[in-house]
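Peer 1: Sequence order for the protein chains is G and B. When you line the first sequence up against the working numbering, it's residues 1482 to 1629, in that order. When you line the second sequence up against the working numbering, it's residues 116 to 240, in that order.
Since the hints were derived computationally from the structure, they do not count as laboratory data. For glycine and all other residues, C-beta sits at the position ideal for the given N, C-alpha and C.
To give an idea of the chain G side of the interface with chain B (calculated C-beta under 7 Å), a few residues:
{"id": "1", "residue": "Leu1528"}
{"id": "2", "residue": "Val1537"}
{"id": "3", "residue": "Phe1539"}
{"id": "4", "residue": "Ser1540"}
{"id": "5", "residue": "Ile1573"}
{"id": "6", "residue": "Ala1576"}
{"id": "7", "residue": "Ser1577"}
{"id": "8", "residue": "Gly1582"}
{"id": "9", "residue": "Gly1584"}
{"id": "10", "residue": "Phe1593"}
{"id": "11", "residue": "Ile1595"}
{"id": "12", "residue": "Glu1596"}
{"id": "13", "residue": "Arg1598"}
{"id": "14", "residue": "Gln1599"}
{"id": "15", "residue": "Glu1609"}
{"id": "16", "residue": "Leu1614"}
Pulled a few chain B residues facing chain G out of the computed Cβ check, cut under 8 Å:
{"id": "17", "residue": "Val141"}
{"id": "18", "residue": "Asn148"}
{"id": "19", "residue": "Gly162"}
{"id": "20", "residue": "His164"}
{"id": "21", "residue": "Gly169"}
{"id": "22", "residue": "Arg171"}
{"id": "23", "residue": "Phe174"}
{"id": "24", "residue": "Gln226"}
This is what each chain is made of:
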Amino acid sequence: MRFMVAIRANTTTEAGGPMPSTELLEAMGKFNEEMVKAGVMLSAEGLHPSSKGALVKFSGGKHRVIDGPFAEAKELIAGFWILQVKSKEEAIDWASRCPGGHGEVDHFGGEFDIEVRQVFEAEDFGAEFTPELRAQEERLRDQIAQKK
Amino acid sequence: MRFMMLMIPKGYEKAAPGTLPDPKAVAAMMKYNESLQKAGILLGLDGLHPPSAGARVSFSGGKPSVTDGPFAEAKEALGGYWMIQVRSREEAVEWASRCPASDNEVIEIRQVFEMSDFPSDTSAR
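When you get a sec, could you build the whole thing from the sequences and use the hints?
Peer 2: This is the structure in structure tokens:
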């Protein structure tokens, strides 16, 4: 099963800096390497602050675009890993080992939250996810994989 | 440049574990996903189980503490995402606007960090 392990945004990430220290980047690099060696890390990405982003809100069959930053957004994320693990507990274990969470290197002063969310797989859906839709989904994922 | 389009479905923060998207919405989304793929911009996409099936790891004072979902204080929740490769933020906004989203759904558009965004002499945080 796959999980998204996402670091929540805070005032530092939203301010767009200062950027992570070399020490933190090194610790993150090591942590990522460890996860790759364990065969659990599928990807890792960081996101620019919401000030560089936008919101598209849909309502009444129309949409409107709002430029960032999103002051009202309480659930912003700053970055994430996608992990392939055997259980939610394993995903939580990895999240709990995140660099800077144990005072060994400074990461937001050691105060931050990580959200652990399971990713939907085709087998999570019932009969409503018809063979046609499943085939379409598989084709799409094959095409994405080929592009990489 | 890469952008993440984060889908924030209304009320998903309160959805029960095992809640699945409406099959009609899934079919419409599949079409949209295919249009992204045909345009050659789709790098990845995933849907997420509701937060009630997830957990949160909070770090404070050098220790992690784990809380199981749902999270009463949450005002919104991420339902899924697309990762796309486009030429500008405007192009990302344009693609997001074409999404067959339901009423009161929001798509958040965020640029993804590339190696080139990090200066070689990274300053201390």
